[in-house]
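Enquirer: Those sequence lines, one after another, are chains A and B. For the first sequence, the residue numbers in the working numbering are 24 to 134. For the second sequence, the residue numbers in the working numbering are 50 to 163.
Simulated from the structure, these hints should not be mistaken for laboratory data. Think of the CB as a built atom: it goes at the ideal place given N, C-alpha and C, for glycine as much as any other residue. A couple of the hints might just be wrong.
Claimed, not checked - Facing chain A, from chain B, some residues (calculated, C-beta under 7 Å):
#1 G92
#2 S95
#3 M99
#4 A135
#5 F153
#6 A155
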Amino acid sequence: ETGVTQTPRHLVMGMTNKKSLKCEQHLGHNAMYWYKQSAKKPLELMFVYNFKEQTENNSVPSRFSPECPNSSHLFLHLHTLQPEDSALYLCASSRTEHEQYFGPGTRLTVT
Amino acid sequence: KNQVEQSPQSLIILEGKNCTLQCNYTVSPFSNLRWYKQDTGRGPVSLTIMTFSENTKSNGRYTATLDADTKQSSLHITASQLSDSASYICVVSAGSGGYNKLIFGAGTRLAVHP
Chain A
24 ETGVTQTPRH LVMGMTNKKS LKCEQHLGHN AMYWYKQSAK KPLELMFVYN
74 FKEQTENNSV PSRFSPECPN SSHLFLHLHT LQPEDSALYL CASSRTEHEQ
124 YFGPGTRLTV T
Chain B
50 KNQVEQSPQS LIILEGKNCT LQCNYTVSPF SNLRWYKQDT GRGPVSLTIM
100 TFSENTKSNG RYTATLDADT KQSSLHITAS QLSDSASYIC VVSAGSGGYN
150 KLIFGAGTRL AVHP
């Protein structure tokens, strides 16, 4: 276990649904990240939070809405997704410039 | 453009054999290079991290090399085991670090067969 947990592990949702992904880190890190991993593609950075403040939004569509209430928790709120949003969503955390520790991911399927 | 290219895309080897995975990068300025192992349905787990001045770093049966002049890295796996079946991802950090300067390769999918 890396100290980063994600729930749910699997999620199937329709295009009109609203759901949320949750990430929690128990490592005392100050930075948290959301990544999207599609088949045979490199990980795509979506959002970065440092000390609860969003420091990066890599042109992510507004149907993805992050929330970081504190340094240990990170959410990704989803609404009106498209089938091409189906992917593995990975959360990671780090302490400043040290390596990132990844959670197990949420496998999302949009029908 | 900052890029990380990995080869091969996929690889099948027999248990007990050695293999080498390649990573070429065009990232500037270079900060460090990491190799991650990602089991199916899991998040990536760090194997090694190397800075500009390091040529080689080992972690058990995994040995990573770095040639900063040719901008190439390799990950050598010795005496492969079935549990080595996974994707191996090369990640290069650009600049002086920072949270959003990691460049990811697409990974090499390794299958170890008995």
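Enquirer: Compare the structure with each hint and give your call.
Expert: So, going through the hints one by one against the coordinates:
no. : hint : in the structure
1   : G92  : holds (3 Å)
2   : S95  : holds (5 Å)
3   : M99  : violated (11 Å)
4   : A135 : violated (13 Å)
5   : F153 : holds (4 Å)
6   : A155 : holds (5 Å)
In the structure shown, a violation is registered for the earlier hints numbered 3 and 4, in ascending order.
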